[in-house]
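Please model the entire structure based on the sequences and the hints provided.
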Amino acid sequence: MESTGQNPLQANHTTLMDFILVGFSDVPNLRGLLFGVFLIIYVIILMGNSLIIIITKVNPSLQTPMYFFLGNFSSLEICYVSVTVPRLLTDLCRQNRNISFLACATQMYFFLIFGASECFILTAMAYDRYVAICNPLLYPLIMNNRLCIQLATGCWITGIPVHIGFTYLIFSLHFCGSNKLNHFFCDIPPVLKLACGDTFMIEMLVYEVAVLVVTIPFLLILASYVKIISTILKLPSAAGRAKAFSTCSSHLMVVALFFGSGIITYLRPKSSHSTGMDKFLSLFYTIVTPMFNPIIYCLRNKEVMVAFKKSLPKWIVL
Numbered sequence: 006m007e008s009t010g011q012n013p014l015q016a017n018h019t020t021l022m023d024f025i026l027v028g029f030s031d032v033p034n035l036r037g038l039l040f041g042v043f044l045i046i047y048v049i050i051l052m053g054n055s056l057i058i059i060i061t062k063v064n065p066s067l068q069t070p071m072y073f074f075l076g077n078f079s080s081l082e083i084c085y086v087s088v089t090v091p092r093l094l095t096d097l098c099r100q101n102r103n104i105s106f107l108a109c110a111t112q113m114y115f116f117l118i119f120g121a122s123e124c125f126i127l128t129a130m131a132y133d134r135y136v137a138i139c140n141p142l143l144y145p146l147i148m149n150n151r152l153c154i155q156l157a158t159g160c161w162i163t164g165i166p167v168h169i170g171f172t173y174l175i176f177s178l179h180f181c182g183s184n185k186l187n188h189f190f191c192d193i194p195p196v197l198k199l200a201c202g203d204t205f206m207i208e209m210l211v212y213e214v215a216v217l218v219v220t221i222p223f224l225l226i227l228a229s230y231v232k233i234i235s236t237i238l239k240l241p242s243a244a245g246r247a248k249a250f251s252t253c254s255s256h257l258m259v260v261a262l263f264f265g266s267g268i269i270t271y272l273r274p275k276s277s278h279s280t281g282m283d284k285f286l287s288l289f290y291t292i293v294t295p296m297f298n299p300i301i302y303c304l305r306n307k308e309v310m311v312a313f314k315k316s317l318p319k320w321i322v323l
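Residue numbering for the sequence shown follows the working numbering, beginning at 6 and increasing consecutively.
Keep in mind that the hints were calculated from the coordinates and are not lab data.
All C-beta atoms in this analysis are idealised placements derived from N, C-alpha and C, irrespective of residue type, glycine included.
It is possible that part of the hints are untrue.
[As the list claims (entries may be wrong)] Subject to a maximum C-alpha distance of 20 Å in a straight line, what follows is the list of computed PhoX-like cross-link-like pairs (lysine-lysine):
#1 198 with 284
#2 232 with 62
#3 284 with 185
#4 248 with 307
#5 62 with 239
#6 307 with 62
#7 198 with 185
#8 232 with 248
[Claimed, not checked] Label pairs and their computed distance ranges (CB to CB):
#9 179 with 62: 44 to 52 Å
#10 145 with 315: 20 to 28 Å
#11 170 with 315: 55 to 63 Å
#12 107 with 297: 27 to 35 Å
#13 98 with 159: 37 to 45 Å
#14 205 with 315: 52 to 60 Å
#15 25 with 240: 56 to 64 Å
#16 31 with 202: 21 to 29 Å
#17 184 with 34: 23 to 31 Å
#18 198 with 159: 29 to 37 Å
Below is the structure:
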């Protein structure tokens with residue numbers, strides 16, 4: 006009989022054509038409740054961010070660089086959550102939670118792309134606030150329409166080539182044994198746990214990409230706000246200081262939520278990873294944080310609230 010020349014590990018690898026997303030199947034009694042909660046949150050995210058996009062587009066008083074970037078950020082938020090939440094909702098309603106390698110790689114790729122783009126957009130927003138507060142006389146000249154479009158375009162496309170190669174390297178690994186992915190979407194840590202052989206080089210690459218995409222933008226934002234706060238404290242009037250702080254507070258809160266959860270997830274030591282903690286953190290930065298972002302920007306931003314009230318029919322506004 007002719008030998009195929011495959012060892013058992015290779016033979017097993019050829020039959021492993023998909024993963025099973027375990028998700029929340031370990032708590033079957035809560036699946037109905039979780040579906041309802043996640044569906045409500047998803048609708049809030051879609052409606053809240055769509056509202057911000059519409060208001061920043063149609064209201065003349067919001068045709069500024071700050072709200073141009075906010076509109077881009079809201080668009081990214083919709084894309085970001087739509088990569089994971091619809092699949093999560095579907096899996097909560099069915100028994101078959103299989104996901105092919107191609108679908109898993111595609112989900113991971115777009116999740117990473119939109120996540121990276123959000124990091125870059127938040128950095129561009131910090132730069133806009135830096136110029137507005139630290140160089141107010143030059144602000145219209147520096148933050149012109151051309152620069153804003155270039156910055157936004159760069160934020161959307163910069164991570165594309167990096168994450169194409171990054172995702173390809175991860176899914177070029179050999180996967181054998183169990184195909185149960187103990188997560189609700191194809192994130193990097195749970196996928197690497199199923200890989201055979203030494204994944205040290207890939208794990209180091211994860212840290213390097215996380216430093217480039219998360220840590221460096223975060224440090225740039227931090228440096229911007231050190232300068233911003235220093236400038237604000239030098240303003241002569243208390244009213245001026247309060248107004249300057251109010252234009253930055255919403256952005257600072259979003260930065261703290263988004264980057265805080267991202268840094269904890271991707272830059273903490275592998276030894277401290279646990280399935281329960283990974284799922285909790287993933288829920289936080291994929292669902293909870295995007296839900297709070299439009300609420301923060303609407304409720305804590307007087308200009309957005311005024312524009313929103315003006316957009317409502319007069320008979321609604323008491």
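Evaluated hints:
This hinted pair checks out: residue 198 and residue 284 have alpha carbons roughly 14 Å apart, not beyond 20 Å. A C-alpha spacing of about 30 Å is found between residue 232 and residue 62, which places the hinted pair above 20 Å, so the restraint is violated. Between residue 284 and residue 185 the CA atoms are separated by roughly 15 Å; this keeps the pair inside 20 Å, and the hint holds. A distance of roughly 10 Å separates the Cα atoms of residue 248 and residue 307; the hinted pair therefore holds under the 20 Å criterion.
At roughly 34 Å between alpha-carbon atoms, residue 62 and residue 239 are farther apart than 20 Å, so this suggested pair is violated. Proximity of residue 307 to residue 62 is assessed by CA-CA distance (about 17 Å); at most 20 Å being required, the pair is judged to hold. Proposed proximity of residue 198 and residue 185 is supported: the alpha carbons are some 10 Å apart, at most 20 Å. For the hint pairing residue 232 with residue 248, the CA-to-CA distance comes to about 16 Å; that is within 20 Å, so the pair holds.
Separated by about 48 Å at the C-beta atoms, residue 179 and residue 62 satisfy the suggested range of 44 to 52 Å. Between residue 145 and residue 315 the beta carbon distance is about 24 Å. The supplied range of 20 to 28 Å therefore holds. Distance hint for residue 170 and residue 315: a CB-CB separation of about 47 Å, inconsistent with the stated range 55 to 63 Å. Between residue 107 and residue 297 the Cβ separation comes to about 33 Å, which falls inside the hinted range of 27 to 35 Å.
Taking 37 to 45 Å as the suggested C-beta distance range, the pair residue 98 and residue 159 conforms, at roughly 39 Å. Checked against the given bound of 52 to 60 Å, the beta carbons of residue 205 and residue 315, roughly 57 Å apart, stay inside it. Between residue 25 and residue 240 the C-beta distance comes to about 58 Å, which sits within the given range of 56 to 64 Å. In this structure, residue 31 and residue 202 meet the distance hint of 21 to 29 Å, their C-beta atoms being roughly 28 Å apart.
A hinted range of 23 to 31 Å holds for the C-beta pair residue 184 and residue 34, which are about 25 Å apart. A hinted range of 29 to 37 Å holds for the C-beta pair residue 198 and residue 159, which are about 34 Å apart.
Checked against the numbered hints given earlier, this structure breaks hints 2, 5 and 11; the rest are met.
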